[in-house]
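Here's the letter readout for the chains.
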Amino acid sequence: MHIRHDNLEPLYIVENVSKTYVMGDVDVVALRDVSITIRKGELIVILGASGSGKSTLLNILGGLDTPTTGQIRFRTTELTTATERQRTEYRRASIGYVFQFYNLIPSLTARENVQLVTDLSSTPLDVDEALQLVGLQERMDHFPSQLSGGEQQRVAIARAIVKRPDVLLCDEPTGALDLATGIVVLDVIEQIHQRFDTTVVLITHNASIAKMADRVVQMRSGEITTVTDVQDRTPPKDLVW
Amino acid sequence: MRALTRKALREVKLLRGQLVAIILLIAAGSATFIMMRSMHTSLVESLASYYQSQHYPDLFVDVKQAPNQLLANLRATPGVTDVRLRIRKRISIDIPDLDEIASAEVLSLPESQHDLSSIYIVSGRMPDKDAHDHVVLYAPFAEANDLHVGDSVTMLINGKRLRACIAGTGISPEFLIIMSPGTLMLDNKRNAALWMHHEALAARFDMTGGWNSALVRLNPKFNIDQSRRSIDDMIASYGSFGASTRSEQMSHRFITDEIRQNEVSALIIPMIIYGVAVFLLNVSMHRLVSTQRSVIAILRAFGYTRRAIVAHYLVIALAIVVVGTLLGMVVGYVGGVQLASWYMEFYRFPRLLFTIPPAVWGTSFVIAIVAALMGAGSAIRTVLKLQPADAMRPPSPKSFRPRLITKLTSMLSMTVMSRLMLQNIDRRLGQTILVLVMTALATSIIVISRYMNDAMDHMMRVEYDRARLADATLTFASAIPEHEAVALERLRGVSRAEPYRLIVVDVLGRSETYRTTLTSRSPQSHLTHIVDQMGQLQKPPREGIVMTEHLSRRLGLRVGDTVRMVLLESGRDTISITLAGTVDEALGSQCYATSETMADLCNEEPVANGAFLAIAAPAQAYVQKQLKERPAIIGVLLREVAIRSFRDVYGANVLVVASYLLVLACLVATGVLYNNARIMMAERSVELASLRIQGFRIGEVARLVLGEQGVVLLFGIPVGLALGALLCYTITQQVEADVLRLPFVISHKTLMISSGVIVGVSLAVALRIYQMIRRLDLITVLKERV
Ligand SMILES: Nc1ncnc2c1ncn2[C@@H]1O[C@H](COP(=O)(O)OP(=O)(O)OP(=O)(O)O)[C@@H](O)[C@H]1O
Ligand SMILES: [Mg+2]
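Chains as they are written, first to last, in the working numbering: chain A, 593 to 833; chain B, 6 to 791.
Among the hints, erroneous ones may be present.
Said to hold, decoys possible - Listed next, with one range per pair, are the computed distances between beta-carbon atoms:
1. B:Tyr665 / A:Met615: 45 to 55 Å
2. A:Thr668 / B:Arg780: 21 to 31 Å
3. A:Thr672 / B:Ile303: 57 to 67 Å
4. A:Met615 / B:Gly765: 33 to 43 Å
5. B:Ser423 / A:Thr669: 25 to 35 Å
6. B:Ser423 / A:Gln724: 19 to 29 Å
7. A:Ser737 / B:Phe370: 18 to 28 Å
8. A:Ser737 / B:Ala727: 34 to 44 Å
9. B:Arg780 / A:Ser713: 19 to 29 Å
10. B:Gly656 / A:Met615: 35 to 45 Å
11. B:Gly765 / A:Ser737: 15 to 25 Å
12. B:Val300 / A:Thr668: 43 to 53 Å
13. B:Thr368 / A:Gln738: 54 to 64 Å
To be verified - Chain A is nowhere near these chain B residues, computed Cβ spacing over 12 Å in every case:
14. Asp135
15. Lys194
16. Leu331
17. Leu560
18. Gln625
19. Tyr655
Bear in mind the hints are in silico, worked out from the structure with no lab data behind them.
Glycine is no exception: its CB is placed at the ideal position from the N, C-alpha and C atoms.
Sequences and hints are given; from them, build the entire structure.
See below:
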């Protein structure tokens, strides 16, 4: 059932990317000479200690930030030199974001939160269908404050995928959730990945989550230490933490 | 430095955009208050000390001619403490550089500084005892015509030219301001006063041993009307024009009107500005407190007392207000000095010192403290109510309850983005309405600033395109038969001459007597018309008189009533005549009748005191030269000059006031709109950033934020225009004075400019918001919990 992606086209080519924050006299090196190729349809999990540069890498992939040196290409687009406007268009067309703290708009219902984003795509999913995918068809007309954290995160996932992005970027999507709820959310991500062949890059602190990935990227002090192909992929609901 | 103080400084820095706007408004409020209030005091005090030092009289008695022997009787009148007899005549002055002759009043030189209405010498000195051809010249006239001590002037007295040497230039409280006769124009180039020795003057006018003007000082404890009546009786047989009080003197009337208006505006305008500033301060303090709930809680948990925390916020508010007030004091002082020198161009005082009385300093600080308390009060109350545990929770529950607008519009099909925008407004409806009101207020201030210009323009058009069409208005030294005046038509270049008759009259009203003029108007006239404020012509009545509507109201007279008036000419006859009509004029308070009616009233053949001329344009200079040669003509007022000096004088004033109001309005609009947008940005930054991360463009996000501003403009501007019109109307009602009544006219241009300025301000704010959205830090936001 599981397909290997080794032969598929590369989606991202990251070459010798470094990111340095200048804080007064001190330079903080967040990324140091990072290179990786991400292929279309892969599910990648990034692991690493706090401060190791995971978010920085993800933000550069998502076009929120630009590297200090090095190059990053998405398909044929050079993100390194892209203007602010070009990066907005890139996010608009290709990227779905899932945040640790959901970031839903409190004054809109679940359905409206998802609907808002459909304007960004010419071929969006049906809003109801998207909510059905994340298992929230019953709660479409609830406001975020009337939903649990896990439910809110599922709405956030529906919102991220309704515009049918090429890539889903998740920064600690289960970071604020308990175990059982976290598994439900990961399961939703897994299903989307399967169904739409969406490339997923997911950050986590939890090493046991790594089993759901095609590849695991391990980071330390701004460097990628290892990239491991996962041999026996485990669906989230079978994960043991 | 204590931790709390450091915290205060950091907060002030974060809010600096808003704070600058508030500080500027407070500064504008206190500057205006200090400037106008102190100016008021300065005017009142300068006037009082001027009147006192130059012994300004209480009564002014005018007769045709009376003997000096009357002095003893006048002195003996109960209540009278001092009397000075003098000669006072209208003459002309020939200034070679001037096309027209200048009109002047020549007066007996007071003998000492203790005399009533003595002269304040500006340059040079009083003429020597026997220097009969030395004069003191009215200083503003000398300055306007570049005449100096030692120069000579040529007077035209009784047809003879008299060269006199200028011994000194001076001023007197009788001539704080000299208007061109029959107009409201300040024209120091063509209007003068000069003083020469009494005996010399008496000889020139064949009045040796006599006088025609007496100045009287009264004991303040006596009833002024009683003394006035006794004097009137005493001089009745000498061709008296009656005794008049200070309030009937043009100069006094003008300055007191000015002082009164000044007092009112010194109160109203600063209060409006302070109000806006307090509102903004309030909003900013609230925002500070609401974003700092958790900080407050932590401080409380660390053991800071409630009082320390309240004091902390109070200090922030006070600091803002005090900085604004101090800035305002500096600006107010500089502006006040400027204003005083500007006043001096109109009202000639020996000196008009602008000082800020301690009471005004004090009051502006008290206002500042009250403003700070009002601005910070409700925010502080919120802090007081906050329990340490409360403050750890976010300000309002994240739950959303649909409110009015949201409910109303939920039926409509609209994009989620537009719905979100409406919700923004809905959620802060109170705020939005306040912002709308403030925006409307700013709009209305611009309307007012432009309105004065509109009113003046309109008045000029009515006056000079409809009412006063004569190219020149002549005043004769004494009345001449009408046909002689018509004969002026024979002058080359004069295409038409229309004689007019003018009599000074006391109109007896229900409760007061009003001194004004009765002037002839002919139904066939081509050169002058009776015209109301809106430019409608009104025919002079076949019988009876027409009166300025304002005057009839003031005197309690109605059309059809019989008006009694004293003709202040030789006979001093009291006559009765029907009030045939009233005319709603903008300028002055006067009466009109046909020359036939006036001749009947006086029992004389039709005579003329002056004439209106139509002059062919190329012949202007030639005609003026001819007129200058004729001693019987003591005044020439050229239409062109009148229009120019009207524009010069009022144009400059209106421009200064209008610019000030415009700056103020922009300050209010910018402050309110920018402040509001800033608050919205701060409250919603996480939401907006997350929209940007998802791929919404800067413009799309900006539209969401600025939608509210659009609604504010959509409703605020029309409301502001209407409010402005209403305020202008109120001003026309308030300013209704004897001399000038502003017509209520607002041009399309004014409406366009007022809206345009506000739209411009909001575009600038929008641009700033656009920049802020572009600079939103998307990455930091990801780390935040909403
Ligand atoms: N805006 C910034 N300015 C300065 N330094 C920064 C900034 N953002 C991140 N850093 C630094 O860069 C390094 C990497 O940060 P990053 O957020 O990528 O870590 P992370 O792996 O995501 O950590 P965590 O698991 O805690 O989220 C850290 O040392 C951090 O302090
Ligand atoms: Mg991180």
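Subject >> Hint numbers not upheld by this structure, sorted from lowest to highest >> reply: 3, 7, 10 and 11
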